[in-house]
Amino acid sequence: MLQLDRLTYAQAGFQLTADWSAPPGSRIAIMGPSGAGKSTLLSIIAGFLAPSAGKLRWMGVDLTTVSPGERPLTILFQDQNLFPHLSVSQNLGLGLRPDLRLTSPERDKVDVALARVGLTGLGARRPAELSGGQASRAALARALLRARPILLLDEPFAALGPALRAEMLALVRDVAEATGALVLMVTHDPQDALSLQGMTAFVAEGIVQAPIPTAELMAHPAPAVRAYLGRT
Amino acid sequence: MASRARPLNPAARALAVLLLALVLAPLAAVAWRGADLSLVRADWSAVRFSVTQAVLSAAFSTLLAIPVARALARRRFPGRAGLITLMGAPFLLPAVVAVLGLLAVFGRSGLLNSALTAVGLPPISIYGMQGVVLAHVFLNLPLATRMILQGWLSIPAERVRLAQSLGFGPSDTFRHLEAAMLRDVLPGVATVILVICLTSFAVVITLGGGPRATTIELAIYQAVRFEFDLGRAASLAGLQLLIGGLAALAAWRLGRPAGFGAGLDRDLPFAAPPGWRQWGDAGALAAVTLFMILPLAAVALRGLPGLSDLPHSVLPAAGRSILVAVLSALLATTAALVLALASARRPSPGIEVAATLPLATSGLVLGTGLFLLVQPFAPPMRLALPVTILVNVVLSLPYLYRILLPETRALQAGYGRLADSLSLVGWSRLRWLILPRLARPLGFGAGIAAALSMGDLGVIALFAGERQATLPLVVSQLAGAYRMEAAASAALILVALSFALFWVFDAGGRHAAA
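Protein sequences, first through last, are from chains R and X. So for the first sequence, this note's numbering puts the first residue at -1; every next one is plus one. So for the second sequence, this note's numbering puts the first residue at 61; every next one is plus one.
One chain only, chain X, in its complex shape (with noise of 0.2 Å):
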């Protein structure tokens, strides 16, 4: 049935083409400075660098993430929920604070080493693309493997009890029931992680760098920061528009949305084969589990001795990242919720393109077109915490939106007609029925934004002079300077106030809501 025609909500329509405006913006800044038009041989090395290391990174990541959602898809253990929910934390660990452990367990000097070098054998480098590749499998495989539990939950009860019932071996059950949802579900995975690896500017900084591992991302930064050649930053920035365009719509079209806060647990559980499976099953998961932990024990092995003699750059660097990511949270879940609204109420390919295109783009491409924009009028350095927090709100957008979406759909169809027969509009409206009914799902986006600002390192490293920089930013700063040891300190830090922001906001959702 079709819905009495309402007009779109001026505030969503401006929103969408605030946001439409700003993720082009680059384009259009590469239109207007297109008489330096200029890429040189090695940009398109790093084109070349870019796309490989990507496609690297989501292969691993996803193949991978195969055999431990199967773990967990088919075993029952004590800390089994413990482990899932560990796998939702990488999507919200800083990278640098990442890299910082990797660094301590493979690097010159790690764990893994000096072990090599206690047998005799030689060391081997994280540097290049190998390391680059490594730390993308570290912060993504958790995030696949999540992806593809849930192909796994979502097999239905009654196909499972049929094959039960039919008395399918392990073998029988993955040609018939799983090879089929794999092939469903694996493509969406690996492309989200693409379009995720191929924005990675953290790990890059640190891990690659030098003429054979320089991503585009690095590249638009040396141009802007070391080089000054803006024109160059804006071919680049529209080159890597234009391929993260077509990774994201692929993912688009091929993908799922990741559940990131569904219970991943059900009444009927699959078969567990004995034997050796099991054992292959509880290696998947002890190795999973160990590749996770060690990084991070690590880095608080290192930090915590230093954390009562912080460098002074630590703190104010907190407290302004701490303004950033609330901020941002604040304006992020708000526009969110006006375009969720909107589209719940009718749904509009605008507002739909609008919510999904920042997927296609990077924070050094939205900084180069707005470095571009302001340069002429400002010093850039001045705007940087106010452009670091736009950044930020539009990256964080689209995941929620999709967070959102599903939520106001819901609410839009059991008391729109309610609401709209009583009158209840506007103010009242949002007091008395979204607030209270959205609270849980706007909290949880609120904390997911308030993370992935806290820990972002990208358009600040264009624009921030030392007194603007936030704590990523110190702490691969401090890394960059081989001060290990402060800049594990600090990322502990960076770490605590990521999760605990997160955990502020999603317990002030759920409580409000309960």
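The following block holds chain R by itself, in its conformation from the complex (with noise of 0.2 Å):
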């Protein structure tokens, strides 16, 4: 269970507070007007802003205090996933090991990641080579090398078109079965989160609602999130 225990963060002229839990294997979307923090809460949750109150648990254990690397998930941003100077096998391999010393099981596990998500032979590229959906991939790939039981996902494809979007939500419905993974992905588009196929926390005036089923979200919308579809 991951658990948002008033956890809160307040910045000059800015406030968020989310007070809810999800069961593990759970698919949320994030969705809400720009600036209305999103991305802040995925951040808070991956330890890269510390909250000025309240608690974040997972599984009963406080993770609060806990450094970014050290925590149960794996985080996408909108974009620099890959590192540039390492190859695309080197860039999954940090995944596994930091300090890249690769047994040669670890190493065919990196191979078997990569074929997985149609990467198959790509592994000797940089990610200057790859298009934006390959990259996406790849660090879909990483993911499931991880295997961390948080997914979170800030808004990684948002660069790419509508086709290959719903192929790399389907790609995320995919490593989210296979690790039982817990995915929260911040979208603007609610076309986004029904792809998810779960539930959506609606974030504004500061909080962070408590996740719905995403059909129910946009069957029966509250003002506000009427507002931000523009259904008047």
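None of these hints come from the bench; they were simulated from the model. Where a beta carbon is used, it is the ideal one built from N, C-alpha and C, also for glycine. Check before you lean on any hint, since a few could be wrong.
Claimed, not checked - Distance windows between CB atoms, simulated:
(1) Arg99/R / Ala81/X: 32 to 42 Å
(2) Phe437/X / Gln9/R: 52 to 62 Å
(3) Val413/X / Ala48/R: 20 to 30 Å
(4) Leu146/X / Pro82/R: 29 to 39 Å
(5) Pro82/R / Pro446/X: 34 to 44 Å
(6) Gly67/R / Ala88/X: 36 to 46 Å
(7) Leu162/R / Pro407/X: 37 to 47 Å
(8) Ser65/R / Val413/X: 26 to 36 Å
(9) Gly410/X / Thr62/R: 21 to 31 Å
(10) Ser214/X / Asp77/R: 26 to 36 Å
Dock chain one against chain two, each of which comes alone in its own frame, and use the hints as you go.
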């Protein structure tokens, strides 16, 4: 269980609170107007920002003071998910061992992960030699290797076209099923939230509301959601 | 967004404290020796001369650089890129070599005086105030030109296009675009050069001297070396630190970092006015090229024949110099990297101050402090080389820190979170992220440090005996004994080694980054 226990982040002129929890394996889209604090929430959960009050727990263990790399999660950013000076295989290998001293079974695991996301044979390439979609696949392959129980996605597919994005979301569902991970995905697109086939937590006016099934949110939108979706 | 509060890296903190202690050691020594504090009237004239020559040098370098920078900004011609690169060289040129070259052109039997005598005019003297200022202009005019050129190129292209569409002539462009830029840029340029000239030693020991042309640096040297009046040396060092500190503070407030490696080029050139302005630009460029190349060519011509018959002291001194330069470069680069990484992760005023303060001090001041600390326990001569390395590290650190800081900041902004989220810490982070991403600036910075340290003539003059002499000291001693051919040969070797070291480090970094 991921527990956001009155988690609060306050900065001059900005405040964000979240007070809900989510069971392992659930898939939650975080949606809301820009500047509402969607990415801030992910940064707090990932450990890049310290909350000003409240607790973050995973399976009852307090994560609030745990360093980012030690948390039971993998995060995909909007861009820069791969180190440009390392090969694709090395980038994946970092997910297994940060010192990159991979054993031969570990190297096999890297190849299997590459195959799983459809990048067979591209391990020796540099990220600059990949298309945007291929780079996203490589980052997802690393998430697969790390197999952490939480997967955070901070609009990693925002730069891709609609067809590719649908493909990536299918791959995310795949990876989540394979690792049993709880997915939290920031998006501003209702279509993405629907494709995730799970719940949506709407962020507005400094509050991250508890997630409810996305279909239900869309069918009976609250006034703030209605305004965001542009339905009058 | 405020980032997670992280404790400051203990290595960075220790380094910052050590730097502060080293820079402030002479002050402590002054306090400690307070009993025999003694400044004589000659010392006040040294203060006056130091400040006057530095102000004149800064003013001439800056003012003369304006037409050169403008010509480079608005003209395109074959060899322009080469000329701009050449402008970067004097920063790495050992000052003793520059002085030898200027002596060959402007000295008693130099080119200029031979020409003057030939047409029956009285000869001019290069010694004293005019010589010191001339040498400082020679060494700093190129730096000023590059900094001002950068100002020209920072005028936004949209504004240049707007000026052209409004039909601005050269004088309108100057009034509305260039004058404002110069007002912004010149104070910084002038104060940076002022700081450099305040602490110059190699130039003054050769071209200055005597009661009317002694700087504080030279007075410190004489107090330690000839009169062994350590109390007076300490008082002078404190005075120099005070004046240098004020100037460095002004430079830090007014200045912007000089772009050493930045590509000084862009697509949209400024309008290139024809007519007399074209001739003016050509004249400025020709004059500065001649001014820079003639002295160096003179050293080369004088030194080449003697290369096969070098004095015995040259080769061992060259070996010592290379050792000092390589060790200084490695230590200074490591220290600057530690500080720049810590500062990029969490900005800290303590680190900023520690990495900037050495600009206020000088080799002789640091040397005096260390001399006073060492002297009760060991003969200073025995520690000449370690002390020289330490002083070189401290003095080159501010430059390296400025070179590395933007790079570590960009690295932290671009990949810090990704690396954190993958537990890429410690040795793994260094091996797989920092070294490969920063290889280029690290190599460049180490090259600068190596060349600066190779050519430095400062603290070593204070400490060294015959068997500790570095190559710049040998060059200066040969010139002092009027063995000009031998001095020129040794100077040639010194220049070659300085630039070779720079090239090896710089190319190594570029190669590792590729």
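Hints, one by one, checked against the model:
For the pair Arg99/R and Ala81/X, the supplied restraint of 32 to 42 Å holds, since their beta-carbon distance comes to about 40 Å. Taking 52 to 62 Å as the suggested C-beta distance range, the pair Phe437/X and Gln9/R conforms, at roughly 54 Å. The hinted window of 20 to 30 Å between Val413/X and Ala48/R holds, with their beta carbons roughly 27 Å apart. Look at Leu146/X against Pro82/R: about 33 Å separates their beta carbons, and that is inside 29 to 39 Å.
About 41 Å separates the C-beta atoms of Pro82/R and Pro446/X, a value consistent with the hinted range of 34 to 44 Å. Checking the proposed 36 to 46 Å range against Gly67/R and Ala88/X shows it holds: the Cβ atoms sit about 43 Å from each other. The beta-carbon spacing between Leu162/R and Pro407/X, approximately 39 Å, falls within the hinted interval of 37 to 47 Å. At roughly 29 Å, the beta-carbon separation of Ser65/R and Val413/X lies within the given 26 to 36 Å, and the hint holds.
At about 28 Å, the beta-carbon gap between Gly410/X and Thr62/R stays in the expected band of 21 to 31 Å. Checked against the hint of 26 to 36 Å, the C-beta distance between Ser214/X and Asp77/R comes to roughly 28 Å, which is consistent with it.
No hint from the list above goes unmet by this structure.
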